[in-house]
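Colleague: Here are the chains, one letter per residue:
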Amino acid sequence: MTAHKAAFLFLLPACLFQAPLSGQPGSELRLSLRHDPRSFDPALVDEDAGETIRYFTGGVLIRMNRVTQKAEAGLAESWKVSPDGRKLRLKLRAGLRFSDGTPLTTDDVSFTFQRLMDPALNSPTGDAFRSSAGTVAVDIQSPLEMAVTFPAPVASIERVLDQVAIQSARSALKERAVAGPFALKEYKAGAFVLLERNPNYWRKDAKGQRLPYLDAVRFSIQSNREMESVRLRRGELQMVDAVDPEIFDRLKAEPAVVAADAGATTDVEMLWFNQANGAQLPEYKKAWFRSREFRQAISAAINRSDIVRLVYRGYAQPAAGPLPPSSVWFNAKLRGPAYDPARARRWLESAGFRYAGGQLRDAGGNAVVFSIVTSASSNVRAKIAALIQQDLQTIGVRVNIAALEFRSLIQRISETADYEACLLGMVNVDDDPNGQMNVWLSSSANHPWNPSEKAPATAWEAEVDRMMAAQSSSADPRKRKQAFDRVQEVVEEQAPVIYLINPHALVAYSTEVRDLVPAPARPHLFWNIDRLSLGNSGGALNARTAAAR
Amino acid sequence: MKAVRISCLAALLGIYACAIGAGVLTRGGYAQQDREHAGERPGAVHWLGTDDLGRDRLVRLLYGARTSLVLAPAAALLATALATAIGSAAALMGGGVERAALYLTDVVSSTPWFFALLMVRAVLPLNVDPALSVAITFAILGLLGWPQGVRPMAARSGAMIHSEFLQQARAAGIGPMRLLARHLAPNLAPVAAAHFWATLPVFILAEANLSLLGLGVAEPLPSLGNLMTEIRDFQNVAQHPWLLAPALLLVAVMGALQAISQPVRSSYDCT
Amino acid sequence: MNFFVKILWRASWRIALRLVTRLPLIALLACTLLCLAPGFDADERRLDLRLSSQSIAALAKAQQGTRNPLAMSAGYLAAVVHGDLGESTTFGAPVLELVSDRWPATLRSLVGGLCGGWLLAAGTATLVALLRSQAMSSAAGTMATALISVPSALLGLIAMLLNGPVAGAMAVVIFARVYQYAGRILERTAGAPHVVCAVGAGLSRWRLFCFASVAPALPELIAVGAASVGMALASVVPLEVVCDSPGLGQLAWKAALGRDAPLLLFVTLAMAAAANLSNTAADTAIEALARRRT
Chain F
1 MTAHKAAFLF LLPACLFQAP LSGQPGSELR LSLRHDPRSF DPALVDEDAG
51 ETIRYFTGGV LIRMNRVTQK AEAGLAESWK VSPDGRKLRL KLRAGLRFSD
101 GTPLTTDDVS FTFQRLMDPA LNSPTGDAFR SSAGTVAVDI QSPLEMAVTF
151 PAPVASIERV LDQVAIQSAR SALKERAVAG PFALKEYKAG AFVLLERNPN
201 YWRKDAKGQR LPYLDAVRFS IQSNREMESV RLRRGELQMV DAVDPEIFDR
251 LKAEPAVVAA DAGATTDVEM LWFNQANGAQ LPEYKKAWFR SREFRQAISA
301 AINRSDIVRL VYRGYAQPAA GPLPPSSVWF NAKLRGPAYD PARARRWLES
351 AGFRYAGGQL RDAGGNAVVF SIVTSASSNV RAKIAALIQQ DLQTIGVRVN
401 IAALEFRSLI QRISETADYE ACLLGMVNVD DDPNGQMNVW LSSSANHPWN
451 PSEKAPATAW EAEVDRMMAA QSSSADPRKR KQAFDRVQEV VEEQAPVIYL
501 INPHALVAYS TEVRDLVPAP ARPHLFWNID RLSLGNSGGA LNARTAAAR
Chain E
1 MKAVRISCLA ALLGIYACAI GAGVLTRGGY AQQDREHAGE RPGAVHWLGT
51 DDLGRDRLVR LLYGARTSLV LAPAAALLAT ALATAIGSAA ALMGGGVERA
101 ALYLTDVVSS TPWFFALLMV RAVLPLNVDP ALSVAITFAI LGLLGWPQGV
151 RPMAARSGAM IHSEFLQQAR AAGIGPMRLL ARHLAPNLAP VAAAHFWATL
201 PVFILAEANL SLLGLGVAEP LPSLGNLMTE IRDFQNVAQH PWLLAPALLL
251 VAVMGALQAI SQPVRSSYDC T
Chain C
1 MNFFVKILWR ASWRIALRLV TRLPLIALLA CTLLCLAPGF DADERRLDLR
51 LSSQSIAALA KAQQGTRNPL AMSAGYLAAV VHGDLGESTT FGAPVLELVS
101 DRWPATLRSL VGGLCGGWLL AAGTATLVAL LRSQAMSSAA GTMATALISV
151 PSALLGLIAM LLNGPVAGAM AVVIFARVYQ YAGRILERTA GAPHVVCAVG
201 AGLSRWRLFC FASVAPALPE LIAVGAASVG MALASVVPLE VVCDSPGLGQ
251 LAWKAALGRD APLLLFVTLA MAAAANLSNT AADTAIEALA RRRT
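Here the protein sequences line up with chains F, E and C, keeping their order. Residues 1 to 549 (the numbering used here) are what the first sequence spells out, left to right. Residues 1 to 271 (the numbering used here) are what the second sequence spells out, left to right. Residues 1 to 294 (the numbering used here) are what the third sequence spells out, left to right.
For reference, chain F alone in the conformation it holds in the complex (with noise of 0.2 angstroms):
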């Protein structure tokens, strides 16, 4: 940071007298794609690849701002939501059109609603507006205005709508007609994915210039993280985003590249016990899973601290809960992860373990010894992992580490409940409580430790239920917070989940590129795409920006 400093202070003169900089049209952006996109239809997208070739191409009622946390007007000139929760007035923009030139009325959004809604298309983003079952009523008033009813309230709906890319109703090119800043031009499995500057793109610049800048962005399916880096530095991509930490540090050192620490994200790494009733364990490993003192006794002996030094580089910090403190939805209450060995072993003692030998053994003599299973694809886990390992060892646990080809890994932990821990990050795509409504319910196939509960098998679970319960079907964002706060103290009290870092967004971009800003919240690097350019002059400003930061 204080070399980041220090290039602030030493730029700073130079952007004073710099001419004030505007976008320039031309140009392609070249960037990378760490697989292929599963699919180019905005209602199926379920994966990273997918998501950012949607925020290229979707045009969407409501754009919320990665810097600002605001929601800001893009199709809609207008909108309004009722005190419940469950009525959207909006009012588009007059004009419209999609990138094949059919014009965008109310009945594209009323189309795009419906077929969300559609149980049978499973749709992630739908998924999102049908937190109870019912059907979407939408009332159009003119080709510009109209109303949507939503079966229950739908928590900050204006996060949620930015997820949603309006599609036409009548187009022949269906989900190849966009709304957004560009359109797809082709896609070459494996090799590379072309978009086009769409030229009936809504938005203007202050001069009155028609948006995107850029005429093209071509993206290159790229999954060597060194060889990117290496591509960057020649120039053949102009942004890198989820930079490793020892390629972050080697690149902080180019002339030709910022390398910017955009912050704490939204991401955490985490590990938890399998407490499932159907867990295939001999019983008294369940009851050491199911003790709380167990759970807390982990948590105090990991060196959380060690792990943001060695595996992060610095670039992490220690988790407190599910979200990291720079959330609005943090609970400041929270105490944190205090690195304790010595209350870690009283804990254990207090719940009948004893030490025989420097080893751990339960109260049946049984020494503790458990296996951590994680992914064996991410370098990262594996060091994670061998840090709590040494770190459990100095309170006379055993840790194993089994570390599984991700399938292999899902069927455990979703399907067979065969494992003892898991260790595994969480990636949260924005900070509202209503996303992690599938981690706290019990009922959910997500609830890591006990997944699909019949009935939540602890009152402190049902407790959790009721809250997040309580917070999704009230728009009144204090009480929202009221619950979610009360859901992170239990969880912390309880310690189902252990929660370890949370990683910083690490980004690298070319000077080339103009206007760039980086933001902790994805997309990290080009949440504000349509007004990016590509120019030799706009290394300064954006170091200067990244320093800053």
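Please keep in mind that the hints were generated in silico from the structure rather than gathered at the bench. There could be a bad hint or two in this list.
To be verified - Label pairs and their in silico Cβ distance ranges:
(1) C:Ser12 to E:Ala85: 25 to 35 angstroms
(2) C:Gly92 to F:Lys479: 37 to 47 angstroms
(3) C:Leu77 to F:His35: 28 to 38 angstroms
(4) F:Asn65 to E:Leu143: 53 to 63 angstroms
Just so you know, even glycine gets a beta-carbon here, dropped at the ideal spot from N, CA and C.
Following the hints, put chains E and C in place on chain F, whose structure we already have.
Modeller: Same frame as chain F, now just chains E and C:
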């Protein structure tokens, strides 16, 4: 050349002694993390520096060599023995046996064994000892690594059967066992040796790839293969050339083994 | 002429017979392993926190295909016979479309890699055999050993770093392996007592190399040639995956990770057919040579 062979033999014995005696020669062990000295360059205390978690690279290299240099030759030997047996049986017996052997070779070499490896991992308990897991991995590699050697072996055996000296030996009344042991086996040795030398490093490296499937060595046990995965970050290697130590050790061991085996091979050359 | 027509006729007949006898068993084995392996009906989408329980249940149901390997392989082969290669579940596109996009890249890598690797290996082996220098032989052996000790993924990365093609990395992989066999075979034939005597008697080394070293070793070299096709096919997957080269190897890897039965079966059978083709060609050539000699 004799001096070269003797020095190779001495070096090899030294490497094996260090690898096998790693527990005695080093303090701490391969898993011990000195977190305050993580990522250090080579120095007086840590001769090859430390890795990201503060583990001594030299200690890990010695333990890794023990894992790989003991188990991989055993696996390569198993694969070579299978290739020799199947290939020579096919050529010597001919007819139905030959057809069956080649059929088996074709089918085995075209089957996606990836899934079989996943099945093995699924059958093993999660708390399996890492040493047992790696031993099973090498055993599987040995059991599946023979098909490539079968055809060259069969071709060599086929050529041998029709050779004049073998016909003379037969005519002289030498029994089949003696024929096999004294005349055929020595002449098949170069092809078998080639298969052995080709599969040995491949197995050492394949073990590292298998750890991507959850088989092979598990943290914190090191092997030459998984120590070499660090080389994949090639930009890092330029700044930290000591990361090449496992690769250099492997090349040195392979080179020494080949140099030592040279006279053995030439003495068999009697065609 | 008649001799070659006969050989060609025999080889085609043999290839057809081999494919008919081998491919069904390979398909059956592949299906059996696929069905029995963990994660056959697991899907990473199930971990998507946005999906409701109903959607996850629907996804799980959609994933549950037949788990009977016999029915699965028979059904697949029957569909292939009718020209239907099925649809890939990972890419959501017809297998035929995916494959037709990618086979040229893989063919280029294979042909380039095999030719390059063999040229390198044959060139080195010829030099070593002609010069009969111990130093040269050791240097070539050490180089092949050093190269075989380098992970093929790393060779792929180096090729990418130098902006080189996948074929370049594959050529190195093939050279290192082929030289282990071909180098030894040629060294042995060139070092045979009668050849050494002839060299001593002043006969042309080049003539001797061609007629006394290469000619008797031809059957073995052809067998190594067939084996090297197998080696190249085996290295296609890691090289294409590391180099992000859109070929069949990369497709096979993604299909395996995604338990994508139609795609995986196609790539497996295509690679098996390619290996069989080269093996049959080699067997026919070896037999033809033997017949000519006798």
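Colleague: The structure should be examined with respect to each hint, and the outcome stated for every one.
Modeller: Quick rundown of the hints versus the structure:
no. : hint                                    : verdict
1   : C:Ser12 to E:Ala85: 25 to 35 angstroms  : 32 angstroms, holds
2   : C:Gly92 to F:Lys479: 37 to 47 angstroms : 42 angstroms, holds
3   : C:Leu77 to F:His35: 28 to 38 angstroms  : 30 angstroms, holds
4   : F:Asn65 to E:Leu143: 53 to 63 angstroms : 59 angstroms, holds
Checked against the numbered hints given earlier, the structure satisfies every one of them.
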